[in-house]
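Input sequences plus hints: build the corresponding full structure.
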Amino acid sequence: MYIDGDILELDIDMDLEEVKALRDFVKDRLEYIEEIKFVNEKEASPLSSALFQLLYCVKLSKPAIKMDFFDKPPYELKNYGTMYWIFHE
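Letter 53 of the sequence shown, counting from 1, is numbered 53 in my numbering, and no numbers are missing.
Think of the hints as simulated: they come from the structure by calculation, not from any bench.
Note that this is a predicted model, so its numbers are computed, not measured.
Any given hint might turn out to be false.
What the hints assert, rightly or not - Cut-off 30 Å, straight-line C-alpha distance, at most; resulting in silico cross-link-like pairs (DSSO-like, lysine-lysine): (1) Lys62 with Lys20; (2) Lys37 with Lys66; (3) Lys27 with Lys37; (4) Lys62 with Lys37; (5) Lys27 with Lys59; (6) Lys66 with Lys27; (7) Lys37 with Lys20; (8) Lys20 with Lys72.
Below you can see the structure in the form of structure tokens.
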């Protein structure tokens with residue numbers, strides 16, 4: 001996890017404890033974050049669905065936040081194949 005200005009860069013292979021730390025980190029800084037992206041999405045695979053659940057909640061809380069993996073479906077994961085997201089507004 002690394003924040004560069006208003007862009008939060010995440011490793012996709014975060015375990016549950018790292019996701020909990022991310023939740024606490026984002027909670028206080030959500031209004032300042034404009035974009036969230038993965039830095040190692042081509043080499044690694046998610047270790048927990050909790051990361052996507054957290055990011056989905058972040059997207060619902062702040063719809064203007066840019067997340068290419070949600071905003072530009074489909075999303076390709078190395079070991080899991082293609083993921084499609086459906087948002088009901």
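Given the hint that Lys27 pairs with Lys37, does the C-alpha gap stay at or below 30 Å? It holds: about 17 Å lies between the C-alpha atoms, which stays within 30 Å.
Quickly compare the C-alpha distance for Lys37 and Lys66 to 30 Å and report which way the hint goes. With a Cα-Cα distance of about 8 Å, the restraint between Lys37 and Lys66 holds, given a limit of 30 Å.
Just to be careful, I want the Cα atoms of Lys66 and Lys27 compared with a cutoff of 30 Å; is the pair within it? Since the Cα atoms of Lys66 and Lys27 sit roughly 17 Å apart, the hinted pair holds (cutoff 30 Å).
Is the hinted pair Lys20 and Lys72 satisfied, with a Cα-Cα distance of at most 30 Å? Measuring from Cα to Cα gives roughly 26 Å; hence the hint holds.
Straight-line alpha-carbon gap Lys62 to Lys20, limit 30 Å: 19 Å, holds
For the pair supplied as a hint, Lys27 and Lys59, confirm whether the alpha-carbon distance does not exceed 30 Å. 13 Å, holds
30 Å Cα cutoff - pair Lys62, Lys37: Roughly 15 Å between the alpha carbons, so the hint for Lys62 and Lys37 holds.
Between the alpha carbons of Lys37 and Lys20, is the straight-line distance 30 Å or under? 18 Å, holds
Checked against the numbered hints listed earlier, the structure breaks none of them; every hint is satisfied.
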